[in-house]
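Enquirer: Given only the sequences and the hints, what does the whole structure look like? Please build it.
Heads up: the protein sequence lines correspond to chains Z and C, in order.
For the first sequence, our numbering assigns the number 4 to the initial residue and increments by one for each residue that follows.
For the second sequence, our numbering assigns the number 4 to the initial residue and increments by one for each residue that follows.
It should be emphasised that the hints constitute simulated quantities derived from the structure, not laboratory data.
Identical copies go unnamed one by one, so any copy, or any two together, can satisfy a pair.
Here are the simulated DSSO-like cross-link-like pairs (lysine-lysine), alpha carbons at most 30 angstroms apart as the crow flies:
1) Lys240 x Lys343
2) Lys12 x Lys139
3) Lys55 x Lys139
4) Lys137 x Lys61
5) Lys139 x Lys61
Computed from a predicted model, the values in this text were never measured in an experiment.
Number of protein chains: 2
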Amino acid sequence: MITRDDVAKHAGVSPATVSNVLNGSKYVSSELVSRVEQAIIELGYIPNRAAKSLASKKTDHVGILVPTLSNPYYGTIAEGMESIARHHGYIVSLIMAEGSTDQYISRIIERQLDGVFLSDFNFGLTNKQLLHMKNKGVHFIIGGDSSRSDSTSATLSGPRITVNYENSIYELLMYLKKIGHRRIAFLSGNDPLITEARQTLFLKWSHELGFDDDPDLVVSGTPPYMTLAEDGYRDTKRLLSIRKNFTAIITLNDLMAFGAMKAIREEGLHIPEDISVIGFDNIYLSETACPPLTTIHIPKYEIGQIAMKLLLEMIDGEDVQSVKLESTLILRDSVAPVKKG
Amino acid sequence: MITRDDVAKHAGVSPATVSNVLNGSKYVSSELVSRVEQAIIELGYIPNRAAKSLASKKTDHVGILVPTLSNPYYGTIAEGMESIARHHGYIVSLIMAEGSTDQYISRIIERQLDGVFLSDFNFGLTNKQLLHMKNKGVHFIIGGDSSRSDSTSATLSGPRITVNYENSIYELLMYLKKIGHRRIAFLSGNDPLITEARQTLFLKWSHELGFDDDPDLVVSGTPPYMTLAEDGYRDTKRLLSIRKNFTAIITLNDLMAFGAMKAIREEGLHIPEDISVIGFDNIYLSETACPPLTTIHIPKYEIGQIAMKLLLEMIDGEDVQSVKLESTLILRDSVAPVKKG
DNA sequence: GTGAAAGCGCTAACAA
DNA sequence: TTGTTAGCGCTTTCAC
Numbered sequence: 004m005i006t007r008d009d010v011a012k013h014a015g016v017s018p019a020t021v022s023n024v025l026n027g028s029k030y031v032s033s034e035l036v037s038r039v040e041q042a043i044i045e046l047g048y049i050p051n052r053a054a055k056s057l058a059s060k061k062t063d064h065v066g067i068l069v070p071t072l073s074n075p076y077y078g079t080i081a082e083g084m085e086s087i088a089r090h091h092g093y094i095v096s097l098i099m100a101e102g103s104t105d106q107y108i109s110r111i112i113e114r115q116l117d118g119v120f121l122s123d124f125n126f127g128l129t130n131k132q133l134l135h136m137k138n139k140g141v142h143f144i145i146g147g148d149s150s151r152s153d154s155t156s157a158t159l160s161g162p163r164i165t166v167n168y169e170n171s172i173y174e175l176l177m178y179l180k181k182i183g184h185r186r187i188a189f190l191s192g193n194d195p196l197i198t199e200a201r202q203t204l205f206l207k208w209s210h211e212l213g214f215d216d217d218p219d220l221v222v223s224g225t226p227p228y229m230t231l232a233e234d235g236y237r238d239t240k241r242l243l244s245i246r247k248n249f250t251a252i253i254t255l256n257d258l259m260a261f262g263a264m265k266a267i268r269e270e271g272l273h274i275p276e277d278i279s280v281i282g283f284d285n286i287y288l289s290e291t292a293c294p295p296l297t298t299i300h301i302p303k304y305e306i307g308q309i310a311m312k313l314l315l316e317m318i319d320g321e322d323v324q325s326v327k328l329e330s331t332l333i334l335r336d337s338v339a340p341v342k343k344g
Numbered sequence: 004m005i006t007r008d009d010v011a012k013h014a015g016v017s018p019a020t021v022s023n024v025l026n027g028s029k030y031v032s033s034e035l036v037s038r039v040e041q042a043i044i045e046l047g048y049i050p051n052r053a054a055k056s057l058a059s060k061k062t063d064h065v066g067i068l069v070p071t072l073s074n075p076y077y078g079t080i081a082e083g084m085e086s087i088a089r090h091h092g093y094i095v096s097l098i099m100a101e102g103s104t105d106q107y108i109s110r111i112i113e114r115q116l117d118g119v120f121l122s123d124f125n126f127g128l129t130n131k132q133l134l135h136m137k138n139k140g141v142h143f144i145i146g147g148d149s150s151r152s153d154s155t156s157a158t159l160s161g162p163r164i165t166v167n168y169e170n171s172i173y174e175l176l177m178y179l180k181k182i183g184h185r186r187i188a189f190l191s192g193n194d195p196l197i198t199e200a201r202q203t204l205f206l207k208w209s210h211e212l213g214f215d216d217d218p219d220l221v222v223s224g225t226p227p228y229m230t231l232a233e234d235g236y237r238d239t240k241r242l243l244s245i246r247k248n249f250t251a252i253i254t255l256n257d258l259m260a261f262g263a264m265k266a267i268r269e270e271g272l273h274i275p276e277d278i279s280v281i282g283f284d285n286i287y288l289s290e291t292a293c294p295p296l297t298t299i300h301i302p303k304y305e306i307g308q309i310a311m312k313l314l315l316e317m318i319d320g321e322d323v324q325s326v327k328l329e330s331t332l333i334l335r336d337s338v339a340p341v342k343k344g
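Expert: Spelled out as structure tokens, the structure:
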């Protein structure tokens with residue numbers, strides 16, 4: 004292995020000088036700079052990260068905590084994060100939220116990651132655990148928009164990246180009202196104890212706009228509270244079987260919407276003529292769905308990018324403020340006016 | 004920061020003994036083991052990876068090189084890989100195949116990753132680059148099934164994980180023939196210079212089974228040779244516009260199939276009555292497509308798991324053989340007999 | 001402006 | 001069975 008000392012010897016300078024030209028930490032005469040650079044190329048020298056980390060107490064290594072990668076939603080966020088990380092010499096590791104929260108917190112701390120993006124809110128982490136990470140020098144940004152109202156944990160504290168759905172949901176419901184919808188179902192997929200932001204806003208505006216207030220139309224998930232297509236499928240099937248005569252259904256995300264659409268088609272009903280379907284996220288497959296899915300766009304790639312940028316700032320010792328992004332209503336063909344009669 | 008020496012002092016043993024109980028590398032009396040374990044808990048000691056890496060020349064850090072995470076195909080492979088890695092104390096980093104090949108090769112080497120899974124074949128890597136990685140102590144497994152026949156590189160050498168499509172494609176084509184199809188289109192999405200395994204096998208069996216041999220029905224992609232839904236959409240639109248009267252279309256992957264379906268619907272044609280559609284991969288959304296997509300299942304999660312297992316073996320100094328998995332034809336509703344008349 | 005040297009926390013001989 | 005110790009390759013003062 005070629006080490007920094009080899010380069011120093013080859014260039015006829017001291018090891019420290021090699022470090023200095025490499026890190027730009029001190030001024031080095033252009034004479035020596037070029038000699039060192041020459042030596043680096045000739046020897047094919049690549050610095051040893053482990054040694055660097057050990058000495059500098061920085062790993063240039065961050066993580067993204069995700070519940071799954073089957074949902075391209077998280078994949079896109081990860082891509083955004085990586086795109087920024089790469090340009091700053093950072094590498095992004097995948098931390099799957101599997102096992103107990105303590106287990107994946109340990110994995111993060113043990114690696115001395117410089118930072119981690121908690122891409123979703125509902126990992127069941129506690130403030131105590133977050134504090135523990137912080138004390139261990141791991142910076143973090145909290146994504147996702149849920150606000151847990153269960154007893155397990157109060158609102159987590161730390162810089163957040165959130166999305167403001169308020170306008171989009173209002174716009175959506177106004178639109179649905181205008182085209183005649185009165186009974187709208189909402190599939191949350193989540194634990195009934197968790198008050199999810201999307202659901203909360205739906206309920207609020209739904210109430211204010213005078214939609215039918217049938218609690219049966221708001222469906223929580225079943226353990227383990229996944230929000231995949233199969234979950235949307237199952238919950239929609241159940242909802243259809245109890246004949247609630249809703250004319251539109253909103254699901255927590257696009258994946259669940261795909262499942263809902265399948266269930267609706269299987270019952271011999273038509274989308275959007277019989278039932279309109281609306282998702283959340285605007286994953287890129289929602290456009291090629293059949294019919295193309297009306298959904299609320301979340302700037303996923305940007306979320307990943309911003310998360311990484313904030314992390315970089317925090318690592319630099321800067322104070323970081325929470326960031327709020329806006330969602331956008333995307334109208335496609337899965338929504339139509341209620342049939343007359 | 005709590006170090007190993009602190010633990011040693013606290014437990015009244017030598018630092019080496021702490022290492023030994025931590026790594027199980029040597030026998031330690033149960034008396035000392037419990038004293039050390041106690042101290043570790045009391046102090047909340049977490050070993051420093053950087054120091055460990057520096058001393059052991061192992062990072063317990065691997066990577067997965069992927070072209071994109073918008074396609075859940077790669078997400079699922081990454082999940083499989085991570086599931087095994089985690090249980091062996093490894094962490095998986097995301098290496099996006101962006102920039103030049105030299106750039107991401109450097110990123111891998113510089114991090115001294117113990118290993119990397121090249122999830123797809125067509126990254127444009129050369130044998131020389133692979134050799135370079137190997138010499139730097141980075142083990143690798145090659146996934147994907149393409150066989151480049153262009154001048155850039157001959158077949159890459161190294162342990163592979165491949166999927167045998169032969170049977171599935173034969174089975175598919177036999178089935179299509181039986182139900183009356185004679186003109187079948189194939190969207191490769193790729194560079195025409197790249198002879199892709201899926202395409203090659205299609206051509207071979209297509210020829211042997213006596214399907215119409217119209218070269219216009221085999222469509223290459225356009226730079227930058229992506230295989231996303233929009234690419235399938237665009238190529239199908241073009242194909243439909245030149246009125247080739249095909250009755251079935253096979254696309255390189257499910258994503259392209261989704262795009263193809265959209266294009267077909269937009270032309271006012273019906274799936275499967277007018278045109279049957281078949282994909283590859285069996286990503287989990289293919290089941291909720293409309294109609295549910297007939298496709299060839301690739302064991303994605305298993306590929307990730309096996310890749311990681313092979314990597315672990317290589318890191319252990321074992322000789323590793325290439326692995327060949329079988330694909331499976333999944334019949335769903337996007338295929339139907341050709342209409343009479 | 002440049003270099004010498006003391007760590008960073010751990011592994012892995014080798015001693016005891 | 002347990003302990004001692006010499007590195008691993010780099011950062012970072014602090015002299016020169």
